[in-house]
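Participant: Note that full-length UniProt numbering has the sequence shown beginning at 1, numbered continuously upward.
Quick caveat, the hints were computed from the structure, so don't treat them as lab data. Here the structure is a predicted model, which is why all the values come from computation and not from measurement. Ideal Cβ positions, reconstructed from N, Cα and C, are used throughout, including at glycine. Check the hints yourself; a few may be wrong.
Quick list of the computed label-pair ranges, beta carbon to beta carbon [as the list claims (entries may be wrong)]:
(1) N93 <-> N67: 40 to 48 Å
(2) N93 <-> N27: 45 to 53 Å
(3) K32 <-> K73: 21 to 29 Å
(4) K88 <-> N114: 48 to 56 Å
(5) V112 <-> N24: 39 to 47 Å
(6) P92 <-> S35: 23 to 31 Å
(7) N24 <-> L115: 44 to 52 Å
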Amino acid sequence: TKPSNKKVTRSINTLRNNTKISINEKNLSIKKGSSKNLYVKNLNQGWPYVYANLNNSNIKWTSSNKNVAKISKEGMVLAVSTGEATIKATLPNGISASCKITVPGVQPLSKVTNLHVDSKASTSIKLDWNNV
């Protein structure tokens, strides 16, 4: 019996004929050093069909700022440094979708008043303060 390639052909044709897609995240805030898997959804179906990782070889992933967020060919985004970047997924037919990535910086401490130091401890210091 000759093996059938119908399933593979159908999968590739679905990618080529698609006219409306989205990424599973529209806006993503992710801490520096963390990663998150992104994937493409086909919105032409009656329900969002998620492309499996098998089909990611047909999806081109790009980052507008690789210094902030890198994206692998499998759709794994890595937060590199503070800032914003746009991740774009493009199908073979040119249809694309994007996701805004924000990597937040360290928040500065608020103003501290009435700071008291207990200097009696020999191996540690106890700090008490009031936030303003």
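Participant: If you check each hint against the structure, which ones fail?
Facilitator: 1, 2
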